[in-house]
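Peer 1: Each chain, letter by letter, is given below.
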Amino acid sequence: MKYSIFSLARAALSGHKNWQRTWRDATPKDRYDVVIIGGGGHGLATAWFLASEYGIRNVAVLEKGWIGSGNAGRNTTIIRSNYGLPGNTGFYELSMKLWERMEQDLNYNAMVSQRGVINLYHSDAQRDAYARRGNTMRINGIDAELLDLAAVKKMMPFLNFDNARFPVQGGLLQRRGGTARHDAVVWGYAHAASGLGVDIIQNCEVTGFVRDTNGKVTGVETSRGRIGAGKVGMAVAGSSSRVADMAGLRLPIESHVLQAFVSEAIKPLIPGVMTFGAGHFYVSQSDKGGLVFGGDIDGYNSYAQRGNMPVMEDVCEGGMALMPMIGRVRLLRQWGGIMDMSMDGSPIIDKTPVDGLYLNAGWCYGGFKATPGSGFVFAHLLARDTPHEEAARFRLDRFRTGAMIDEKGQGAQPNLH
Amino acid sequence: MRITCPFCGERELGEFTYLGDAKPVRPAADAGEDVVYDYVYLRDNIAGVMSENWYHGGGCRAWLKVTRNTLTHEISAVEAAAGAGARQASK
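Those protein sequence lines, which keep their order, are chains A and B.
The opening position of the first sequence corresponds to residue 0 in numbering that gives the first Met the number 0, with each subsequent residue numbered one higher.
The opening position of the second sequence corresponds to residue 0 in numbering that gives the first Met the number 0, with each subsequent residue numbered one higher.
Honestly, the hints are just simulated from the structure, not real lab data.
It is possible that part of the hints are untrue.
Derived lysine-lysine pairs resembling DSS-like cross-links, with alpha carbons at most 30 Å apart [said to hold, decoys possible]:
1) A:16 to A:1
2) A:407 to A:350
3) A:1 to A:153
4) A:350 to B:22
5) B:64 to A:407
6) A:287 to A:152
7) A:16 to A:287
8) B:64 to A:350
9) A:350 to A:96
Since the structure is predicted, the reported quantities are computational estimates derived from the model, not experimental observations.
Isolated chain B, as found in the complex (with noise of 0.2 Å):
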């Protein structure tokens, strides 16, 4: 498995950390026990098409979302993730 930074270009994965599930959004600070525990705990565990957070920390240091098969390694997307990297990518 390969990962196309946008920032590197293609790299090996020992280059990059993975940070889970990219859908699970951080709650409001009022938000309740049960939202809370069901963004800290619970996880779809998707077999098929996921979006993911990776971390380039072998080289740009950039927060990525990649897109990719559980079931097969395929990736069909990354991109950068919101933050001011990203933007920086889409200029």
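In isolation and in its complexed conformation, chain A is listed as follows (with noise of 0.2 Å):
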């Protein structure tokens, strides 16, 4: 079905009852040329591209539990492209440009809000790690600004600008970078590659693969039954080692919990999304008036989806510092989700050393704001068995090589990053 000002009041004037389902809750069958395994945002996001950009569309995407039910479900929302390594710079701005047709694309309303983001910084040493940061996205084209303390003010006259300790001088503001609604790019990618043709198929866990005689996979085992493919790609997030060790493959990848907070609804307040640069604390505040936000990731090993309270602590008291205030405001629901954590905290795109097998995993934090670029460049690398210019770093030897992405100059340990 297509959405229009006419299909809305159609269905407004008729009591809201007559909508269409979005996306066909496909059965599976025998072979598809390309199997997605994972429903989240980028398995999504991959089978779309794969079905209007490279005319691949006889497509299935596997999900265990039911769309958006991972990460895709448990995340802060945020989009941005305010990345200054080689590699990243180009893709999140590739991603950024998608985010900001993505409605038209779908035809669906994702509430892509460009609202704003500016990461606050608190002395001389990270004002200057921020120029340069902001002076490496401009030269490749992408908006960034450098505000002084009195330009925060006038934006943000509610921070706690007399902290002795952790003192706000300014911030880096990227105007175009904001939030989008995160069910909503999952029902949107759903509604879109479904009129396509592409099968979503839901409840299909993957508990195996299917190899021919020289290795090469040749399709899954489900708990739906055996599926034929021409390629396997996977899109799994938290469970990629999971995933990866049933075609016998180890990863440079630990698995993490990050946790998110909502508040109760409160009148507006915050204008963007801001992030405290002396601790990890980001806010944004959603459409309904809930203060969205979180920080670190626990820091261990964890497939639990739930989290532990010294983080919890940790995050609030970054908001506290910031924002004294929000001490006032009651904590609604908090969650956690599993991420990839890889070894140098970028993602991983790429084919893997079994046949017919190709890998988007090690997202970290970041997996949002990427979900259109992962769709656009893993969809690429599908079809045309060569990465995308974009994502073309994103190598799954890159350890051995030496050719790591390690934005925040950490060094090798996932619960760094």
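Put the complex together from the two separate chains, hints included.
Peer 2: Here it is, written out as structure tokens:
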């Protein structure tokens, strides 16, 4: 179905009782040209770009639960492209440009809101580092503005500017950054991909790979039977190691839990997305009024999808340092998603050593903002068998060759990224 | 999640720092590139019971070997990691 002002009026006038299903809940066929494991944002975006950009429509997306039940439904909805390293800069800007045209492309309201992302700085050294990152962005045609204290005060007068230990000195602003409605991103890609013939198969858990005598992957075993595939793409976020293990692969990845938090709704307060440079705290305000915020990962291997208290305390301390008045706001809910933390903090989009198996993994914290870009370049890899030029550095063997992309400069330890 | 340190007793998680999987063993200096690559970068990333290294920085500052289920956070054993502290504990 196609959404328009007329379909909206028609549904409204008939009491909202005649909305059609937005995507087909398909049953698996015997064989597809491409099977994508994982019905999150990345898997669905990959299917959409395979169909719309590369003309490959005999595609299935297999999801072990229901679509969007994993990290796509468990994130803080921030979109931005303020990266400084070669490899990241171009890729995240590609993703940002795809966010900007997503709703038109998909015919779906994903509530993309370019309300701005500001990273606050609190020392001269941090200002210099942000100035450098901003310059890198601008050299690459990405918007960035370095704000001084007066400009930040004007934009966010509610911050605690008298903090003696972490005084706010200014911030690096990307006005094109912002937020998007995470569930609608999943639903939008499902809606559009399904419309082009992609089968979205829910409650279908992959339990093994089918290999021919040469070891090439020719399909998957699932809880709904065997499904043949010309190529298999993995986009399973926190479960990458477990799925790769079924193909005999060990990955440079650890699974960690990242918590996020939502407060009760309050009146409009925070104009965009704001990050606390002296600790790790990021916050935006949802359209319903809740403050949506998060911070560090818990820092140890976990598949539990729930976090622990020390990080919750640390995140709330970060919020209180910036905005002491939010101490009076009650926490409404908290949740944890499982991230595959790669060893350098950057993603992996590559063929694997197993013929016919392709990997999209290692997104660490940053998977949501990458959703359209990740789908685009993964579809390119699956369709053309060569990496997209903006993802050519996201190699699986970069740890062996030394070509790591360590945006934070933290070293080979996942719980530092 | 609370960890029962063999030296200090049960303490809250914030006193401890995680190092990672206790299984990988540092290879010999002449072990070769593949072995070192494997040790530094590749992980089993177990979904289930895993043996891990934790540092009790907020207490006795000993290294501990913690046996924990990564699916449930349940801790089944904590012992002192090999070294001077471990020898002291076993006396």
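Peer 1: All hints, please: hold or fail.
Peer 2: Comparing the hints with the structure gives:
no. : hint           : verdict
1   : A:16 to A:1    : 17 Å, holds
2   : A:407 to A:350 : 26 Å, holds
3   : A:1 to A:153   : 43 Å, violated
4   : A:350 to B:22  : 28 Å, holds
5   : B:64 to A:407  : 29 Å, holds
6   : A:287 to A:152 : 25 Å, holds
7   : A:16 to A:287  : 24 Å, holds
8   : B:64 to A:350  : 36 Å, violated
9   : A:350 to A:96  : 25 Å, holds
Checked against the numbered hints given earlier, the structure breaks hints 3, 8 and satisfies all the rest.
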